[in-house]
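**Student:** Dock chain V against chain H, hints included.
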Amino acid sequence: MTKRLFSRWAWAGVTLWGTSLLVFLIAFVVPADPARAYAGAHADPQAIEDIREELGLNDPLLVQYGRFLGRAVRGDFGRSFITGEEVLPAIWRRFPATLLLALGGLFVQLVLGLPLGILTAKKKDTLTDRTVLVLGMVALSVPVFWLGHTLQYRFAYRWGWLPVAGYGGLAHLILPSITLGLGGAAYYARLVHSNMVDVLQADYVRTARAKGLPESVVLVRHAFRNALIPVLTILGLDLAHLLSGVVFTETVFAWPGIGLLAMQAVLNLDLPMIMGTVLFSAFLVVAANIVVDVIYRFVDPRIGEGT
Amino acid sequence: LKLFLCGNLFLLLLLGCGREGREASDGQRGGTLHLAGVTDITTLDPAIGYDTGSWAYIRLIYRGLLDYDEGTRLVPCLAEKWDISPDGLTFRFSLRRGVRFSHGREVVAGDFKYALERVLDPATTSPGACFFWGLAGAQKYREARQAASRARRENPNALLDPQIRAAAEGVPGIRAPDPYTLEIQLEQPDVSFLNILAMPFAYAVPREAVEEYGENLAVHPVGPGPFQLEEWVRGLRLRLVRNPHYYEPGRPYLDAIEVTFGGNELVNIMRFERGELDLSSLPETDFVRLTSNPRWKPNLLSQPQMAIWYLAMNTQMPPFDHRLVRQAVNWAINKEHIVKIINGRGVPAKGVLPPGMPGYQPDLKGYGCDPERARALLRQAGYPDGFATKLWVRTGRYAGEERIAQAVQQQLAEVGVKVELYPLTFSVWDELAGQPGNCPFTVSAWFQDYPDPSNFLDVLLNGKRIVPKHCNNLAFYNNPAVNRLLDRAAAMTDLAARLKVYQEAERLVVEDAPWVFLYHPITYQLRQPWVQNVRLHPVWPNRLEQLWLKR
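Chains as they are written, first to last, in the working numbering: chain H, 1 to 307; chain V, 1 to 551.
If you are wondering where the hints come from, they were derived from the structure by calculation, not from laboratory data. A couple of the hints might just be wrong.
To be verified - Pulled a few chain V residues facing chain H out of the computed Cβ check, cut under 7 Å:
no.	residue
1	125
2	199
3	218
4	258
5	260
6	270
7	470
We treat Cβ as the ideally placed atom computed from N, Cα and C, and that holds for glycine.
For reference, chain H alone in the conformation it holds in the complex (with noise of 0.2 Å):
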């Protein structure tokens, strides 16, 4: 278990330093110039070079990957070219609101997909499980600008319940999570059906039942549990996926996250900041696949069995 472990950290800094290369790649393929996008559309040739020169620009690839890798293993990830903030600061100031936002969607995927695969598993090819499925889809389908501004306009901008946008209280959180997490609950309703589906024709779920306890006791501890294992593995994937930003929620609600934060610097070239949140977000997915290894194992235990 211990070896295990430790090989999968290996491929973690092997994953991480791969993506970092690829990124640094693919920022020098993109035909454009960040010292242009820095000194703005009226800047004289001569001072873009001046700027280039200054930020680095003109040494050659590998020294510049070079310098960015000895800089990056000791934490530092440099300034933003474009606001001058630097780079890993820049994140974690962010990350809170991100964090909040993150666990706000989980929680309303949760709350609303489990119950709901667990009903339509038991009302399996009734009216309710056709109305689930179907709404499900809706909600999987509908674009997230669309439905963070209907939500918007309803909720916020006709009836005045909730705050339009911002980030502040409990009350500026709640559109946000929904629009954010509605598509998922729909998603993880399904994988909960299907799964449960399968496990309650399962010889030992019919053993229970057979020991005459009641059907709520069957389905939540001998069924639901049973039909849990895989939904970790993709609740933990989602959380990583999440924590990194999710750019177009943020951006409809003015929610100041990291995914508002990649964005900007995407648009604005920024290197060091792109960088920094693309290997953020790859640093997050990769410990989030160790996490739930690890979880793994104690939910069931003949997973890690031999090795």
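**Tutor:** Chain V in isolation, oriented as in the chain H frame:
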């Protein structure tokens, strides 16, 4: 005459509403103004900021030698008066006494000298550096600083060449003979340089603040302006409060300005309509609804922008190397229609210079819309069946540009010109369109840096400024007669005569038609009824120091 009538009408209105008039000159003090921005501002460092968002707030915190009146005329600000030497090379400014930075120290001439040298130092990476390269000795200073910083990078302990060290010490063309006198000397006469000195790049900056905060000056601004920074949570909100040391008695009226960032125009207009915001721009989607709403109509403000949207035709690439072809394309395009597409938020362009710009020629005929004439010109040019070309379109920067491109495509199809639209991300477009021989035909726009015709004609159309990369002359237009006129005008000190030369150059440009002159945009803003004395300005993004809240 029209202007005169308007003026009188305005006077009558003022007399009619005496109470309003008195209050406007003596507004109520206090209150917090609530604003929202779509993106966070870039910086509050006057050497670095070079976008409307940053300028809007830098101008509230810092101040310069000169400012503009309600229009484009330069007026004293921290300089009480100035004079220009007869040879047009030296400007001498007498500074206002008793002006203090927000940390309490008095502003002296050395602060301007320091600020300008800081902008010129390549290590500052100021996007405005090139505006000041005309200062006497500026190029030498720039090179010496660059050499010194390179030498230090290679070997931190090396002794610098004494000549480089001396040249890196300061710019000889910026002198502060006493604390209240600043002398600026140029290499060549340039009356537009006063406009450059009014740009935020030239605002006074205290050396001790730069030494204390270094690169973080962007978030720790120290200036003599009407407001000072209280809090700036990046990406979230910005709060400015009254600067207790501000020199204009009784100003500003507002206690504080609070800006929240993020979201988009759609969200901000909803917040505005709910009364959460005091001022708002108008999103394109809601423009017609809001401008026709009797509730908001009286609170709508508009201001023609000193800008132009145009289509650049590459005069070095066939078929646009043929003047008749370029004229034909101009005649084929209906500018009135294009303005309609953008909800009427602009005026059709007849030439290069926007209305309100010194030297603007209202009697310029330009090109109307005459497809018949366009077809005749194409026949004459040897393209009786038209031709095919690619129109480069930038995406993701300016709303509406793609629709304009589609309209152009349809209109040109009517005269037999087949246009293929070629969409590019803004930064990629910016890199590729500025290289010769790349881009035959493109949508583009230009916003002034300062209100002087040279900032349009010379920067965008002087053939001598064609460079192999990042060229601003997107039509690669090179008419020696125009170049000569532009060079002559640049060195002239007689303002009226100088404008005449620019006008002559503009007439030649219009005749040669390197661009399709599309339109000059108009900017709109909405205010809440309690927000008083809001006036939009042709140069500045706002003048919030004049504004007050009625309770």
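**Student:** Need the list of violated hint numbers for this structure, in ascending order.
**Tutor:** 2, 4
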